[in-house]
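Undergrad: What follows is the residue order along each chain.
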Amino acid sequence: MSSSSVKHQEANTNDRKQTTETAPRKRVILSMGGKGGVGKTSVMSGLAEWYQENQIPVTLLDLDTENKARGSLTHFFGGQVPKINIHTPEGLDAFLDYLDSGPPIILADMGGASGQITHAWFDETYNPVTRRGIVFTAVGVVTFDPGSVESVLTWADRLQRRVSYLIVENQSDDHGDFTYWRESEQARAFQETFHPAVIQMGYRLPHLEAALRNHGVTLTDVVKRRTAVSELQLSKAVIRAEGYRERMFAQFEQVKELLLP
Amino acid sequence: MINHTAMDETFQAILDSLPPKQPRSKLEPYAELIQELRKRGRSYREIAGILEQRCGIKAGTHTVYNFVRVRASSTKKGKSVKAGTGRSIQPAPVARPVSEVTAAAADSERGNDEVWQRIQALKQRTTAGGEVEKKEFQFDENEPLRLISDTQHKK
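Residue numbers (our numbering), protein chains in the order written: chain A, 2 to 262; chain B, 301 to 455.
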């Protein structure tokens with residue numbers, strides 16, 4: 002994976018459309034929930050680490066109520082992440098409490114069944130929220146599974162140009178390809194309409210991924226030897242983690258205008 | 301000679317004496333909600349889902365679809381009756397001097413013009429709500445993804 006593989010067309014920024022202010026005051030980055038197990042939380046956790054590395058304060062919100070324990074954002078970052086149940090009459094209004102104050106970036110990991118609620122919330126609150134200088138980046142993760150592509154397209158059908166799109170091609174398997182993402186009529190139409198920024202997440206050894214998820218350990222924890230998990234203290238794990246982390250950060254660097262206010 | 305005022309009163313008495321008609325569809329109480337959801341671009345399937353989850357009403361996609369279609373056609377019919385030969389019950393006119401009537405009619409005509417202009421302007425105004433005004437991209441989640449190579453092969 003090299004930085005030249007980033008297909009980043011004109012920054013895909015819908016920010017000007019989103020806010021009437023010249024400079025956005027805050028950016029909300031939300032994962033497009035839907036298909037489970039595609040690596041949404043790994044990407045969001047990686048993003049949180051990237052902000053940490055660059056000493057940019059960020060509010061982490063875990064709205065993935067289905068991902069109750071292992072592998073959730075709360076699990077990776079412990080007490081720093083409030084877990085919010087959006088399946089209440091107020092829905093995503095808990096979001097609003099974080100919009101007026103606090104860090105300039107909100108990172109929200111959405112759950113699998115969050116689509117309809119999020120879409121309705123956007124319909125109801127989008128204008129007043131953007132008038133306050135808030136812009137949105139929707140992060141979609143696609144794998145070889147067509148279901149992951151359908152998830153992203155379903156969200157795009159509802160969100161339209163109200164967000165900027167960042168798509169992560171997650172090579173979740175060591176064989177296969179992104180045929181449905183790259184070669185289906187519907188995915189092409191989405192790409193031609195919104196010009197999403199596209200980055201890659203390379204293949205990761207499943208046993209290492211599983212250990213990280215099961216113990217709630219981030220790549221940075223492994224690299225900086227901050228974990229007590231013996232299998233993640235081994236040099237081979239540390240070196241692998243270092244490689245994954247470096248490549249992931251390099252990809253985020255390519256699309257940083259979609260990740261910063 | 302027929303006394304119209306007396307006839308109107310008779311009609312009104314008959315109408316008042318009749319009990320209100322029960323809604324024909326269980327969706328009738330949710331007509332406004334359904335109409336609004338359609339305006340906001342929700343599919344019939346989504347509306348059926350919302351009705352079940354939020355209102356506890358179980359209705360199939362086709363039921364919702366038929367309800368919207370029937371209502372749309374009956375609204376059109378209603379409008380044409382009012383505009384055409386339909387008879388409406390109005391209070392009996394009160395006699396006034398001719399000059400007063402003419403001035404009032406002119407005022408009312410001017411007022412009507414202004415109201416119609418406002419209505420037209422309102423109709424043409426783009427929606428300021430948070431909803432998407434026009435979809436640039438459409439995806440039907442009920443349709444499978446179509447590979448470009450397959451489509452070209454079929455052609």
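Check each hint, because a few of them may be wrong.
Some chain B residues flagged as far from chain A (calculated, every beta-carbon gap over 10 Å) [what the hints assert, rightly or not]: (1) 312; (2) 315; (3) 344; (4) 346; (5) 363; (6) 412; (7) 417; (8) 421; (9) 437; (10) 438; (11) 444; (12) 447; (13) 448; (14) 449; (15) 451; (16) 453.
Examples of chain B residues lying across from chain A (beta carbon under 10 Å, computed) [unchecked claim]: (17) 328; (18) 329; (19) 350; (20) 434; (21) 435; (22) 439; (23) 445.
Sample of chain A residues at the chain B side, in silico, Cβ under 10 Å [claimed, not checked]: (24) 78; (25) 79; (26) 83; (27) 117; (28) 145; (29) 159; (30) 185; (31) 250; (32) 254.
Note that these hints are calculated values from the structure, not bench results.
Source: prediction; values computed, not measured.
Don't be surprised by glycine CBs; every beta carbon is placed ideally from N, CA and C.
Undergrad: Evaluate each hint against the coordinates.
TA: To see whether the hints hold, each was checked on the structure:
1. With a least beta-carbon separation of about 43 Å from chain A, residue 312(B) lies farther than 10 Å from that chain, consistent with its non-interface assignment.
2. Annotated as non-interface, residue 315(B) keeps its C-beta farther than 10 Å from every C-beta of chain A; the closest such distance is 40 Å.
3. Here residue 344(B) stays apart from chain A, with its beta-carbon at least about 15 Å from theirs, past the 10 Å limit.
4. Non-interface status of residue 346(B) relative to chain A is broken: a Cβ of that chain comes within 10 Å, the nearest being about 7 Å off.
5. Taking the minimum C-beta to C-beta distance to chain A, about 20 Å, the non-interface status of residue 363(B) holds against the 10 Å cut.
6. For residue 412(B), the condition that its CB be more than 10 Å from all CB atoms of chain A holds, with the nearest at approximately 33 Å.
7. Distance check for residue 417(B) against chain A: the nearest CB is about 27 Å away, which clears 10 Å, and the non-interface claim stands.
8. Interface exclusion of residue 421(B) from chain A stands, the closest Cβ pair being 21 Å apart, more than 10 Å.
9. Not every Cβ of chain A is farther than 10 Å from the Cβ of residue 437(B); the closest lies at roughly 4 Å, contradicting the non-interface assignment.
10. The beta carbon of residue 438(B) is not kept farther than 10 Å from every beta carbon of chain A, the shortest such distance being approximately 6 Å.
11. With a least CB separation of 8 Å from chain A, residue 444(B) falls inside the 10 Å interface cut-off, contrary to its annotation.
12. The Cβ of residue 447(B) does not lie farther than 10 Å from every Cβ of chain A; its closest approach is about 5 Å, which violates its non-interface assignment.
13. Listed as outside the interface, residue 448(B) is inconsistent with that label: its C-beta sits roughly 5 Å from the nearest C-beta of chain A, within the 10 Å cut-off.
14. Distance check on residue 449(B): its Cβ comes as close as 7 Å (rounded) to a Cβ of chain A, failing to clear the 10 Å threshold; non-interface status is violated.
15. Not every CB of chain A is more than 10 Å from the CB of residue 451(B) (nearest about 6 Å), against its label as outside the interface.
16. No beta-carbon of chain A comes within 10 Å of the beta-carbon of residue 453(B); the shortest separation is about 12 Å.
17. With a cut of 10 Å, the hint placing residue 328(B) at the interface with chain A is violated, because the nearest CB-to-CB distance is about 23 Å.
18. For residue 329(B), the interface hint is violated, since its Cβ never comes within 10 Å of a Cβ in chain A; the closest pair sits about 20 Å apart.
19. Among the interface hints, the one on residue 350(B) holds; its C-beta lies about 8 Å from the nearest C-beta in chain A, closer than the 10 Å criterion.
20. For residue 434(B), the suggested interface contact is upheld, since its CB lies about 9 Å from the closest CB of chain A, less than 10 Å.
21. The criterion of a C-beta within 10 Å of any C-beta in chain A is met by residue 435(B), whose closest approach is roughly 6 Å, and the hint holds.
22. A hinted interface residue such as residue 439(B) counts as satisfied when its beta carbon comes closer than 10 Å to some beta carbon of chain A; here the least separation is about 4 Å, so the hint holds.
23. Contact between residue 445(B) and chain A, as hinted, is supported at the beta carbon level, the nearest pair being about 4 Å apart and thus within 10 Å.
24. Using the Cβ-Cβ criterion of 10 Å, the hint placing residue 78(A) at the interface with chain B is not satisfied: the shortest such distance is roughly 31 Å.
25. For residue 79(A), the interface hint is violated, since its Cβ never comes within 10 Å of a Cβ in chain B; the closest pair sits about 33 Å apart.
26. Checking residue 83(A) against chain B by beta carbon gives a least distance of about 25 Å; that is not within 10 Å, so the hint is violated.
27. Annotation: interface hint on residue 117(A) holds; nearest CB of chain B at approximately 7 Å, less than 10 Å.
28. Below 10 Å, beta-carbon pairs count as interface contacts, and residue 145(A) has none with chain B, the closest being about 12 Å; its hint is therefore violated.
29. Given hint, residue 159(A) at the interface with chain B, holds; its Cβ is 8 Å from that chain's nearest Cβ, closer than 10 Å.
30. Here the hint on residue 185(A) is kept, as its CB sits about 4 Å from the closest CB of chain B, short of 10 Å.
31. A hinted interface residue such as residue 250(A) counts as satisfied when its beta carbon comes closer than 10 Å to some beta carbon of chain B; here the least separation is about 31 Å, so the hint is violated.
32. Contact between residue 254(A) and chain B, as hinted, is not supported at the beta carbon level, the nearest pair being about 28 Å apart and thus beyond 10 Å.
Violated hints, in rising order: 4, 9, 10, 11, 12, 13, 14, 15, 17, 18, 24, 25, 26, 28, 31 and 32; the structure is consistent with all others.
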